[in-house]
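Participant: Sequence:
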Amino acid sequence: MTLTRYLKALRRLWMTVLIATAVGLVLGLGSALILPKSYEAQSTIFVNVSESTTVQDLQMGEQFAQARAASYAAIGTSSRVLDPVAEEIGGDVDASALAEDVTVTNSPNTAVITVTGTDGDAQRAADITAATAESLVRASAELEGASDSDSSPVQLSIMQEAVVPEDPAAPSVPLNLLVGAVVGLVVGLLIVLARAGSARRAEA
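Residue 161 in the numbering used here sits at position 161 of the sequence shown, and the numbers go up by one each step.
It should be emphasised that the hints constitute simulated quantities derived from the structure, not laboratory data. Idealized CB from N, CA, C, for every residue including glycine. Be careful, since some hints might not be right.
[What the hints assert, rightly or not] Between beta-carbon pairs, the in silico distance windows are:
no.: 1; residue 1: V26; residue 2: F64; range: 50 to 58 Å
no.: 2; residue 1: E87; residue 2: T44; range: 20 to 28 Å
no.: 3; residue 1: E161; residue 2: A67; range: 23 to 31 Å
no.: 4; residue 1: S79; residue 2: Q160; range: 23 to 31 Å
no.: 5; residue 1: A97; residue 2: V164; range: 17 to 25 Å
no.: 6; residue 1: A97; residue 2: A146; range: 23 to 31 Å
no.: 7; residue 1: T110; residue 2: R11; range: 51 to 59 Å
no.: 8; residue 1: Q123; residue 2: I19; range: 37 to 45 Å
no.: 9; residue 1: D167; residue 2: I191; range: 34 to 42 Å
Can you make the complete structure from the sequences, with help from the hints?
Facilitator: Take a look at the structure:
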């Protein structure tokens with residue numbers, strides 16, 4: 001099929017493409033309204049090595065802090081960290097269930113840990129995030145052999161407290177509308193292509 005023939009079919013069947021796009025928009029909006037909402041809250045933790053006096057000590061301490069940040073991020077969803085969180089949050093939830101709703105990450109080459117909690121309730125998402133960040137700080141002190149976080153040679157400090165999110169993280173209405181419109185447009189163009197091909201075969 002030539003491009004000219006397809007463009008002629010498109011001009012003739014443009015309403016089909018428009019309707020298909022509109023249907024896609026409606027379906028995208030419907031899915032955004034029907035799907036359960038999910039809220040995300042975040043807290044950031046800074047890892048610092050105490051007693052760094054000289055420039056060399058600071059450089060070595062920074063590298064050590066980055067290594068420790070990666071290690072603590074790796075254990076952020078372990079039972080050692082999440083068991084106390086489950087007790088604090090309450091309800092019918094354990095560490096393994098919380099691990100599905102909590103993400104702990106460390107950006108490469110930084111001493112910053114990001115804790116993200118997800119839940120269908122905005123307040124609970126913030127509570128889970130805050131409790132996880134605090135539990136990780138306590139667990140780090142224990143792992144460093146200190147009695148508390150203040151006396152630990154590697155100190156984790158909560159730089160950003162978790163706040164209750166106002167808007168859900170998912171589903172995203174704009175994204176669903178965009179996806180619906182694109183899918184509807186593609187379907188409409190495929191219908192035009194199919195009809196143009198059928199018309200060509202009929203002429204032959």
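Participant: So, for every hint listed, does it hold in this structure?
Facilitator: Outcome of the hint check:
1. V26 / F64: 50 to 58 Å: 56 Å, holds
2. E87 / T44: 20 to 28 Å: For T44 against E87, whose Cβ atoms are near 24 Å apart, the range 20 to 28 Å holds.
3. E161 / A67: 23 to 31 Å: 26 Å, holds
4. S79 / Q160: 23 to 31 Å: At 25 Å between Cβs, range holds.
5. A97 / V164: 17 to 25 Å: 21 Å, holds
6. A97 / A146: 23 to 31 Å: 30 Å, holds
7. T110 / R11: 51 to 59 Å: This hint holds: roughly 55 Å between Cβ atoms.
8. Q123 / I19: 37 to 45 Å: 43 Å, holds
9. D167 / I191: 34 to 42 Å: Given about 36 Å between the Cβ atoms, the range holds.
In this structure, every one of the numbered hints holds.
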